[in-house]
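Same order as they appear, the protein sequences are chains D, R, W and X.
Numbering of the first sequence is given in my numbering, commencing with residue 6 and proceeding in unit increments.
Numbering of the second sequence is given in my numbering, commencing with residue 6 and proceeding in unit increments.
Numbering of the third sequence is given in my numbering, commencing with residue 6 and proceeding in unit increments.
Numbering of the fourth sequence is given in my numbering, commencing with residue 6 and proceeding in unit increments.
Incorrect hints may appear among the rest.
Copies of the same chain look alike in the list, so a pair counts if it works inside one copy or between any two.
Simulated crosslink set (DSBU-like; lysine-lysine; CA at most 35 Å straight-line) [unchecked claim]:
(1) K140 / K50
(2) K140 / K108
(3) K108 / K21
(4) K50 / K21
(5) K12 / K108
(6) K50 / K12
Derived from the structure by calculation, the hints contain no laboratory data.
All values derive from a computational prediction rather than experimental measurement.
4 protein chains.
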Amino acid sequence: MTNDEMKAYLQSIVAKTPFAAFLGAEVISISPGHVELAIPVIPEKMNQHHGFVHGAVIGFVADSACAWAAGSVAGDVVTAEYKLNLLAPAIGDRIIGIGSVIKASSRTVVTKAEIYSERAGERRLVAFAVATVAKTDAK
Amino acid sequence: MTNDEMKAYLQSIVAKTPFAAFLGAEVISISPGHVELAIPVIPEKMNQHHGFVHGAVIGFVADSACAWAAGSVAGDVVTAEYKLNLLAPAIGDRIIGIGSVIKASSRTVVTKAEIYSERAGERRLVAFAVATVAKTDAK
Amino acid sequence: MTNDEMKAYLQSIVAKTPFAAFLGAEVISISPGHVELAIPVIPEKMNQHHGFVHGAVIGFVADSACAWAAGSVAGDVVTAEYKLNLLAPAIGDRIIGIGSVIKASSRTVVTKAEIYSERAGERRLVAFAVATVAKTDAK
Amino acid sequence: MTNDEMKAYLQSIVAKTPFAAFLGAEVISISPGHVELAIPVIPEKMNQHHGFVHGAVIGFVADSACAWAAGSVAGDVVTAEYKLNLLAPAIGDRIIGIGSVIKASSRTVVTKAEIYSERAGERRLVAFAVATVAKTDAK
Numbered sequence: 006m007t008n009d010e011m012k013a014y015l016q017s018i019v020a021k022t023p024f025a026a027f028l029g030a031e032v033i034s035i036s037p038g039h040v041e042l043a044i045p046v047i048p049e050k051m052n053q054h055h056g057f058v059h060g061a062v063i064g065f066v067a068d069s070a071c072a073w074a075a076g077s078v079a080g081d082v083v084t085a086e087y088k089l090n091l092l093a094p095a096i097g098d099r100i101i102g103i104g105s106v107i108k109a110s111s112r113t114v115v116t117k118a119e120i121y122s123e124r125a126g127e128r129r130l131v132a133f134a135v136a137t138v139a140k141t142d143a144k
Numbered sequence: 006m007t008n009d010e011m012k013a014y015l016q017s018i019v020a021k022t023p024f025a026a027f028l029g030a031e032v033i034s035i036s037p038g039h040v041e042l043a044i045p046v047i048p049e050k051m052n053q054h055h056g057f058v059h060g061a062v063i064g065f066v067a068d069s070a071c072a073w074a075a076g077s078v079a080g081d082v083v084t085a086e087y088k089l090n091l092l093a094p095a096i097g098d099r100i101i102g103i104g105s106v107i108k109a110s111s112r113t114v115v116t117k118a119e120i121y122s123e124r125a126g127e128r129r130l131v132a133f134a135v136a137t138v139a140k141t142d143a144k
Numbered sequence: 006m007t008n009d010e011m012k013a014y015l016q017s018i019v020a021k022t023p024f025a026a027f028l029g030a031e032v033i034s035i036s037p038g039h040v041e042l043a044i045p046v047i048p049e050k051m052n053q054h055h056g057f058v059h060g061a062v063i064g065f066v067a068d069s070a071c072a073w074a075a076g077s078v079a080g081d082v083v084t085a086e087y088k089l090n091l092l093a094p095a096i097g098d099r100i101i102g103i104g105s106v107i108k109a110s111s112r113t114v115v116t117k118a119e120i121y122s123e124r125a126g127e128r129r130l131v132a133f134a135v136a137t138v139a140k141t142d143a144k
Numbered sequence: 006m007t008n009d010e011m012k013a014y015l016q017s018i019v020a021k022t023p024f025a026a027f028l029g030a031e032v033i034s035i036s037p038g039h040v041e042l043a044i045p046v047i048p049e050k051m052n053q054h055h056g057f058v059h060g061a062v063i064g065f066v067a068d069s070a071c072a073w074a075a076g077s078v079a080g081d082v083v084t085a086e087y088k089l090n091l092l093a094p095a096i097g098d099r100i101i102g103i104g105s106v107i108k109a110s111s112r113t114v115v116t117k118a119e120i121y122s123e124r125a126g127e128r129r130l131v132a133f134a135v136a137t138v139a140k141t142d143a144k
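Based on the provided sequences and hints, a complete structural model is requested.
Printed below as a string of structure tokens:
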């Protein structure tokens with residue numbers, strides 16, 4: 006698959022995933038070992054009671070960035086575990102997730118993700134994640 | 006606050022939290038150091054492409070169970086970090102989160118959560134989480 | 006294997022593991038899905054500069070409790086990842102690790118461990134760990 | 006403090022920390038937000054029964070790299086929690102830990118570490134860690 010085919014395929018999966026579609030997830034770019042995605046911030050849909058984007062939305066972006074980065078080198082995958090550090094309140098226009106592969110083994114792929122809030126084009130690091138992602142055929 | 010007052014207060018926070026309200030989060034019980042919550046499974050809203058409840062929904066239940074258990078002993082809190090192990094695909098009528106306090110310190114509360122899928126009243130462990138939750142006034 | 010045979014076998018592995026032997030690791034009990042181990046606190050060997058038992062010693066007990074609990078149901082294993090929350094400074098006569106299985110799957114076992122410091126027979130929770138342990142033949 | 010003073014100070018702490026001294030920990034370089042350390046591999050001291058460097062030794066390097074990177078910007082610190090992914094068996098002459106700051110907040114510093122085994126000057130990534138480190142005066 007070329008990167009463009011990989012992007013189109015992943016975006017078609019997102020379209021069939023109600024939760025991802027509800028959040029408006031968009032694949033910005035994908036290449037082997039690397040993915041960037043974004044969701045638009047719609048406060049009345051996704052904020053929590055302190056006025057920031059809900060941690061579960063950050064969790065979605067983190068998990069997706071980690072799983073999709075793994076998928077870019079390993080095909081169909083499922084997240085086995087992840088750790089998420091929430092570093093700063095997320096406020097802005099978009100939430101960006103950048104996932105990359107740390108190490109691909111025969112049955113699992115360990116990945117990390119940086120999550121940013123973006124406001125007027127400026128990005129601020131709001132979370133950091135590490136995940137162990139399992140190949141589906143190897144589970 | 007009595008446990009009933011705590012439950013009513015928490016449910017009022019949920020009602021004001023769009024993301025939690027969207028998922029239909031319900032507080033089943035809360036007492037100091039312990040909380041149980043549920044969300045109904047609505048497949049066309051929250052499944053992923055393998056047909057299971059999306060990991061981000063499990064993440065929401067895990068994070069909420071951990072944060073609310075911490076809140077039950079520490080007041081207003083914010084999750085600093087959590088680790089989530091996804092143990093089995095979640096299928097069923099409801100997702101249940103049971104959070105409890107491992108250790109409360111002056112500035113943080115460490116909590117854990119078991120997450121179950123429930124089908125016809127029978128529960129199956131689908132995830133396990135550990136979180137560090139910070140007191141808001143101490144952040 | 007009976008529990009006694011499992012204990013003798015594990016203690017023989019410890020004897021051949023320089024690092025575990027150096028720390029004086031002792032298997033207190035083991036049964037399928039459950040293990041308890043102890044190390045004696047020797048301050049001039051294992052304390053850090055604040056006067057508490059070094060985090061890496063706690064890490065050893067946590068990792069061992071998690072891996073050995075997994076091994077009690079899965080045979081030869083290797084830790085894939087763990088998360089350790091250090092809850093309180095460890096002071097006392099012994100460090101105790103109690104490991105148990107959360108979920109055993111075909112290729113991995115997810116386990117947890119509570120780590121206590123013991124002083125004059127009284128135990129205090131000092132750390133909590135969760136680990137993903139891989140079966141060696143399945144890696 | 007200059008970087009050289011910071012390095013000398015940290016090496017003096019190591020000398021007073023029996024566990025770190027036992028493992029032969031050496032500070033290679035330190036600057037604000039960044040640290041590199043090494044320990045020589047002495048198989049008869051630190052291997053486990055598969056013939057690789059024991060996970061607890063990797064844990065020591067990971068924890069030290071994370072805590073020292075935090076200390077380089079925050080002074081006296083204590084590790085609150087860390088997650089360690091063991092990526093490959095560690096074999097070689099030295100274990101290298103490279104720690105860096107992800108985000109420093111008022112009371113905690115989130116850091117990460119890459120851990121390498123080194124053989125004849127060639128490095129191989131064997132582990133990855135993320136830690137939350139608390140400032141001591143803020144605990």
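Verification of the hints:
In this assembly of identical chains, K140 and K50 lie within 35 Å of each other by CA distance both inside one copy and across copies; the values are 33 Å within and 25 Å between. Within a single copy, K140 and K108 get their C-alpha atoms as close as 13 Å, and across copies as close as 19 Å, so both meet the 35 Å cut-off. Proximity of K108 and K21 under a CA criterion of 35 Å is satisfied in both settings, with 29 Å inside one chain copy and 30 Å between copies. Within a single copy, K50 and K21 get their C-alpha atoms as close as 20 Å, and across copies as close as 11 Å, so both meet the 35 Å cut-off.
In this homomeric assembly, K12 and K108 come within 35 Å of each other (Cα to Cα) both inside a single copy, at 22 Å, and across copies, at 31 Å. In the homo-oligomer, the alpha carbons of K50 and K12 lie at most 35 Å apart both inside one protomer (26 Å) and across protomers (23 Å), since each shortest distance falls under that limit.
Of the numbered hints given earlier, the model fails none.
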